[in-house]
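Visitor: Protein chains in written order, with this note's numbering: chain F, 1 to 276; chain B, 1 to 284.
Calculated directly from the structure, the hints in this document are not laboratory data. Careful: at least some of the hints might be erroneous.
Covered stretches of chain F (chain B as the covering partner; in silico rule of three or more C-beta atoms under 8 angstroms from a C-beta of chain B) [unchecked claim]:
#1 122-130
#2 134-141
A short, non-exhaustive set of chain F residues, derived as facing chain B with CB atoms under 7 angstroms [stated by the list, open to error]:
#3 Thr101
#4 Ala104
#5 Tyr144
#6 Asp145
#7 Pro162
#8 Asp203
The C-beta atom is built at its ideal place from N, Cα and C for all residues, glycine as well.
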Amino acid sequence: MLLELEAVSKIFGASCGACLDLTGEPGAICPDCGSVVAVNRVNLKVAEGEVLGVVGESGSGKSTLLQLIYQDQPVTAGRIFFNGITNQEGKRQDILTLPATHKARLRNRDMSMIYQNPHRGLNFNFSAGGNIAEKILDTNERSYDTIRSRALHFFTKIEMPPTRLDDYPDAFSGGQQQRIQIAKALSSSPRLLLLDEPTTGLDVSVQARILDLIKALQREMGFAMVVVSHDLGVINHLTDLTLVMKSGCLVEYGLTDQILEDPQHPYTQLLVSSKL
Amino acid sequence: MIRPSEVLFGFLDEDAKKEIRRALLKAVALPGYIVPFASREMPIARGWGTGGLQVSLSIITEKDTLKVIDQGCDGSVNAVNIRDFISSVTGVPETEDTTKASIIQTRHRVPEHQLTEGQIIVYQVPYPEVLDSVEPDTARQKEMHANNDYAKLWVLLYEDTSQFGDSRMASGYPVAVNDHYVMDPSPIPKFDIAKLNNSQALHLFGAGREKRIYAIPPYTKVAPLTFNDRPFQVEQFPGKACERCGCRDVFLDEVHLDDGVHYFCSDTFHCDTVLNTRGEGHAA
Numbered sequence: 001m002l003l004e005l006e007a008v009s010k011i012f013g014a015s016c017g018a019c020l021d022l023t024g025e026p027g028a029i030c031p032d033c034g035s036v037v038a039v040n041r042v043n044l045k046v047a048e049g050e051v052l053g054v055v056g057e058s059g060s061g062k063s064t065l066l067q068l069i070y071q072d073q074p075v076t077a078g079r080i081f082f083n084g085i086t087n088q089e090g091k092r093q094d095i096l097t098l099p100a101t102h103k104a105r106l107r108n109r110d111m112s113m114i115y116q117n118p119h120r121g122l123n124f125n126f127s128a129g130g131n132i133a134e135k136i137l138d139t140n141e142r143s144y145d146t147i148r149s150r151a152l153h154f155f156t157k158i159e160m161p162p163t164r165l166d167d168y169p170d171a172f173s174g175g176q177q178q179r180i181q182i183a184k185a186l187s188s189s190p191r192l193l194l195l196d197e198p199t200t201g202l203d204v205s206v207q208a209r210i211l212d213l214i215k216a217l218q219r220e221m222g223f224a225m226v227v228v229s230h231d232l233g234v235i236n237h238l239t240d241l242t243l244v245m246k247s248g249c250l251v252e253y254g255l256t257d258q259i260l261e262d263p264q265h266p267y268t269q270l271l272v273s274s275k276l
Numbered sequence: 001m002i003r004p005s006e007v008l009f010g011f012l013d014e015d016a017k018k019e020i021r022r023a024l025l026k027a028v029a030l031p032g033y034i035v036p037f038a039s040r041e042m043p044i045a046r047g048w049g050t051g052g053l054q055v056s057l058s059i060i061t062e063k064d065t066l067k068v069i070d071q072g073c074d075g076s077v078n079a080v081n082i083r084d085f086i087s088s089v090t091g092v093p094e095t096e097d098t099t100k101a102s103i104i105q106t107r108h109r110v111p112e113h114q115l116t117e118g119q120i121i122v123y124q125v126p127y128p129e130v131l132d133s134v135e136p137d138t139a140r141q142k143e144m145h146a147n148n149d150y151a152k153l154w155v156l157l158y159e160d161t162s163q164f165g166d167s168r169m170a171s172g173y174p175v176a177v178n179d180h181y182v183m184d185p186s187p188i189p190k191f192d193i194a195k196l197n198n199s200q201a202l203h204l205f206g207a208g209r210e211k212r213i214y215a216i217p218p219y220t221k222v223a224p225l226t227f228n229d230r231p232f233q234v235e236q237f238p239g240k241a242c243e244r245c246g247c248r249d250v251f252l253d254e255v256h257l258d259d260g261v262h263y264f265c266s267d268t269f270h271c272d273t274v275l276n277t278r279g280e281g282h283a284a
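With the rest of the complex left out, here is chain F (with noise of 0.2 angstroms):
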């Protein structure tokens, strides 16, 4: 397995202790403490290569759980293991334990994360080359030459003319800015890419483009994607695997047609009916 969660919750808020357990599908407010439970005991494990899908509605702790695995927040509890990361007896090593400069390595060399707005991915006191070559940068590259070449490279397989590569985002329009955080995700050869909401706010063709970019990509490439999306379309286009949240919990989980055409739980069912 390439990544595996194994109860990893996330708290806001003083937890009272028994928030975990108080809180659930009926809600994610602990009715005790008050303490949002963004994410309960979520286990999940992601194979090299394989293409996870994660939906539910706004505030069920989707993008939470992206950025837990990113490291972009801290982990309330649980435990997170990444492929190849090990302790010195050669047994796997929970990355929450790491120290903060390996962190920073894994999440700079094997990971990437691909926000939903370009501003959050993206640097806009830096050139598109620049951003690109940020992502180049973190894993310890020091040859201009190389960094230029591989940026220009990304930056061609995002559909992008070179003579741009020297502009800066904000000379973008929104699906060039969101095609350029692809190309800066990409450019380190992450073995994991995460996608919080990629297409959320484009119009429906630039979404189609950038679907079909990233699905291309990922089947050159061959690295494992969790995508974020409230986008049933979206997760359907994409993956392979569907995990369904609600409240913070795993409601259901399987594969994207099976829970598309037949799904068990309540939640999903009606998730899957409200498609427009």
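Given chain F, put chain B in place with the hints provided.
Guide: Okay, now just chain B, sitting in the frame of chain F:
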């Protein structure tokens, strides 16, 4: 019983000196690491060398000999005033001779003469935090320093290289100290960066307005951030030489006068030394 004259040696009170010395010790123990200190009010305005002044005043002893330069020049108004002030509150002898000074306070230059063991050079620093240009959040800056995460500085370098062929940073070029902390060497020209590496002298940096101190101990590795395949380039003065002493291998000042552009040594003591050894005396 402390006599008033002892209290006043070095202008600062003993508590202030002690605090600054503690910060200095920490800075020397962690080469390139920025240590905060409680910058005192000085009789000159902040931003005019109060950081360097406080560092000098807290390390100076009766046995020291003081040299102060501003842009390499012993005779500029700021250098003269700071030198006179330190001398008047300590009684320490002044000198222009780089080789005889035990403490050299400087702004924007490292002297041309190689500094030797036992010498201390004190820099006046306007902006101590090298990451300010790329990361406004000070908490994040500290994390980045701790994690040795300087990718954003490298991106600046990448951007300049892609757009202009080389870095545009003319002064205060970022340097990695002892293979860890990246620091701002104060606005010295790139020409002087090499003098920091494995230097025999102790380098102390004081930023009065920003209330920060950092240091490079003697014999410490100091390397400018440069790509493997893009050699570090310092200022060049092709075909130009100092009009007074004729030196070519030094940092030159470009002086614009009514009759055109002239070039002179930036380090006035070095210029005088060259003239003196040739027997031409102390020219004007």
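Visitor: Should the interface hint for Tyr144 of chain F be scored as holding, given a Cβ-Cβ cut-off of 7 angstroms against chain B?
Guide: holds, 4 angstroms
Visitor: May I ask you to test the interface hint for Thr101 of chain F with respect to chain B, counting a Cβ-Cβ separation under 7 angstroms as satisfied?
Guide: Constraint on Thr101 of chain F satisfied, holds at 5 angstroms.
Visitor: Tell me if the interface restraint on Pro162 of chain F is satisfied: Cβ within less than 7 angstroms of some Cβ in chain B.
Guide: Cβ of Pro162 of chain F sits 12 angstroms from chain B, so the hint is violated.
Visitor: Would you settle whether the hint for Ala104 of chain F is holds or violated, based on the nearest Cβ-Cβ distance to chain B being less than 7 angstroms?
Guide: holds, 5 angstroms
Visitor: For the region 122-130 of chain F, does the count of residues with a C-beta closer than 8 angstroms to a C-beta of chain B reach 3?
Guide: holds (count 6)
Visitor: In terms of beta carbon proximity below 8 angstroms, does the region 134-141 of chain F have 3 or more residues touching chain B?
Guide: holds (count 3)
Visitor: Does the closest beta carbon of chain B sit nearer than 7 angstroms to the beta carbon of Asp203 of chain F?
Guide: violated, 31 angstroms
Visitor: Against chain B, run the beta carbon of Asp145 of chain F and see if the smallest gap drops under 7 angstroms.
Guide: holds, 5 angstroms
Of the numbered hints listed earlier, those contradicted by the structure are 7, 8.
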